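Residue 122 in my numbering sits at position 122 of the sequence shown, and the numbers go up by one each step.
These are calculated hints, taken from the structure and not from any lab test. Heads up, some of the hints might be wrong.
Stated by the list, open to error - What follows is a set of in silico ranges between Cβ atoms, one per label pair, in the way DEER data are often shown: (1) R454 - T403: 28 to 34 Å; (2) E250 - F399: 36 to 42 Å; (3) P453 - N371: 43 to 49 Å; (4) P188 - T231: 21 to 27 Å; (5) S234 - P428: 34 to 40 Å.
Stated by the list, open to error - Simulated crosslink set (DSBU-like; lysine-lysine; CA at most 35 Å straight-line): (6) K42 - K157; (7) K288 - K69; (8) K218 - K69; (9) K288 - K44.
Treat the numbers as computed from the prediction; the structure is a model and nothing was measured. Glycine included, every Cβ here is placed at the ideal spot set by N, Cα and C.
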Amino acid sequence: MRPLRTALLAVTAGLALIAPQIAAAAPDTFIPDGYVTVAFGKVKNPDGTWRDISGLRLPYRITPIFAKKIMTERQRIAQALTSPFEKILNATRYRGDNPFRALAPGARGTTSGGGTANAPTADQVVYSADAGSGYGYVEDDPSSLDDINISTAGVNKPLNKLTFGFQYNLPTFGNFLIRWRMYRNYNPIAAAVGDFYDEFADFGVIWNQSVPVNAASKVEISIAQAGVTPTQTSFYMAQQFRDASNLQGEGAFWLGVENVYNAAGEPSVGSSLDQFWYDWDPRDGNYKENEIDVFEANKADHLCVLKVSSTGTTANAFPTGFATYIGPTLSGTLTSILFPNDNNVFTGGPFFAGPRNSPLIGFQYDGIVGNTNITSISARTATIATAGPLTMRTSFFHFATNTWVQVDARPATTTMQTVDMTYGGVLPLAGFIGPGNAVRMRIDFFDVLGVLPRSWNCGVDLAQMTVTNP
Numbered sequence: 001m002r003p004l005r006t007a008l009l010a011v012t013a014g015l016a017l018i019a020p021q022i023a024a025a026a027p028d029t030f031i032p033d034g035y036v037t038v039a040f041g042k043v044k045n046p047d048g049t050w051r052d053i054s055g056l057r058l059p060y061r062i063t064p065i066f067a068k069k070i071m072t073e074r075q076r077i078a079q080a081l082t083s084p085f086e087k088i089l090n091a092t093r094y095r096g097d098n099p100f101r102a103l104a105p106g107a108r109g110t111t112s113g114g115g116t117a118n119a120p121t122a123d124q125v126v127y128s129a130d131a132g133s134g135y136g137y138v139e140d141d142p143s144s145l146d147d148i149n150i151s152t153a154g155v156n157k158p159l160n161k162l163t164f165g166f167q168y169n170l171p172t173f174g175n176f177l178i179r180w181r182m183y184r185n186y187n188p189i190a191a192a193v194g195d196f197y198d199e200f201a202d203f204g205v206i207w208n209q210s211v212p213v214n215a216a217s218k219v220e221i222s223i224a225q226a227g228v229t230p231t232q233t234s235f236y237m238a239q240q241f242r243d244a245s246n247l248q249g250e251g252a253f254w255l256g257v258e259n260v261y262n263a264a265g266e267p268s269v270g271s272s273l274d275q276f277w278y279d280w281d282p283r284d285g286n287y288k289e290n291e292i293d294v295f296e297a298n299k300a301d302h303l304c305v306l307k308v309s310s311t312g313t314t315a316n317a318f319p320t321g322f323a324t325y326i327g328p329t330l331s332g333t334l335t336s337i338l339f340p341n342d343n344n345v346f347t348g349g350p351f352f353a354g355p356r357n358s359p360l361i362g363f364q365y366d367g368i369v370g371n372t373n374i375t376s377i378s379a380r381t382a383t384i385a386t387a388g389p390l391t392m393r394t395s396f397f398h399f400a401t402n403t404w405v406q407v408d409a410r411p412a413t414t415t416m417q418t419v420d421m422t423y424g425g426v427l428p429l430a431g432f433i434g435p436g437n438a439v440r441m442r443i444d445f446f447d448v449l450g451v452l453p454r455s456w457n458c459g460v461d462l463a464q465m466t467v468t469n470p
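Model the full assembly from the supplied sequences, consistent with the hints where possible.
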């Protein structure tokens, strides 16, 4: 019986070893608690151009956590030097009035973390500063920045999910705007100028779900549709909480909503210097060398987890047709919309017999994709009009509901205009794939004011649809 028992123990041990790997490989079913809307946003494309992501609806999950109040080194020194009378006075005013703003910056920290990611999953963690407990927050910290070093698995891959935390210390709940800014490079220069440059993402969402007061929350938000793509392992991310009435992200900083820190431990995936940039001198969203700060007995990393798709692939649809469905075709074939800047533009003329609110020129793109299991659907167009003012609207066809879904609207231009767009609504993405794996898009031009003469036309130099597969 001893050999049999030994064999059973070996099998049991083997199963115990592979069980965590099996669990890690299981895809995470993201069941949202709600959605936030991108109030404003731009993301840099690989070619250096910017893409507008305003209007995307991003799903999120929220978890209550506990964060203790901690002090920065600068705050601790200031408190130690302050008389009892001044302490009472300071309790009634914001830290922006701190008379010790000229103190030397906190000592530079050392690189912490350096852990590696677990076995690849549908969402692969490329940075994790989340010990699961021991969180902290700093009083009057609606704006700060942290350095991030992701694993190489995240380079040139769109971020799928972003986890962050905030402490809500206001007496009642009110909507606020959360703004993220991401920079590739840092160079300490004149104190009056921000030290970070080569920005590759800047977007903000309105947070409108009520949360408990005097409590902290951890939020995981799916940002796959935004297409935020790090091109190197190291970058810097600022997180700001602002007045929601300014939809461009320039509202007043929302004192009483604080950043949460992974104070108890170092990053388990990726790494970060044990320091951060505390925006206070002045609080202006420009992070400078003299605003570097540390904690005496806690780690100085934002609570942050970044994930990418370990198996995701992005593929362009294969175009099968392109034609005017409203108005006459003046020139062009299917090949005209395959490549931009090739002096081969598909042009159409207006049709004036339809209803006043209908498009005068309408183009329709048809294509096919590899499979129906997609995590995002987007498009890129290059268009031009010979007159204005005109409004251009782009829509994707949702086969499951038999409806056209508008994904972009903007003024048409008399010079070639390239537009990137991604669907960010709540309709099931699989519904945008029809029989035979078909996809469909329309580009329409409207004379909203009804003031244009009849001698004008519009052209399309590029029409391309793209899907991401898990």
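Hint-by-hint comparison with the structure:
no.	hint	in the structure
1	R454 - T403: 28 to 34 Å	31 Å, holds
2	E250 - F399: 36 to 42 Å	40 Å, holds
3	P453 - N371: 43 to 49 Å	47 Å, holds
4	P188 - T231: 21 to 27 Å	22 Å, holds
5	S234 - P428: 34 to 40 Å	37 Å, holds
6	K42 - K157	17 Å, holds
7	K288 - K69	24 Å, holds
8	K218 - K69	16 Å, holds
9	K288 - K44	23 Å, holds
Consistency with the previously given hints is maintained throughout, with no hint failing.
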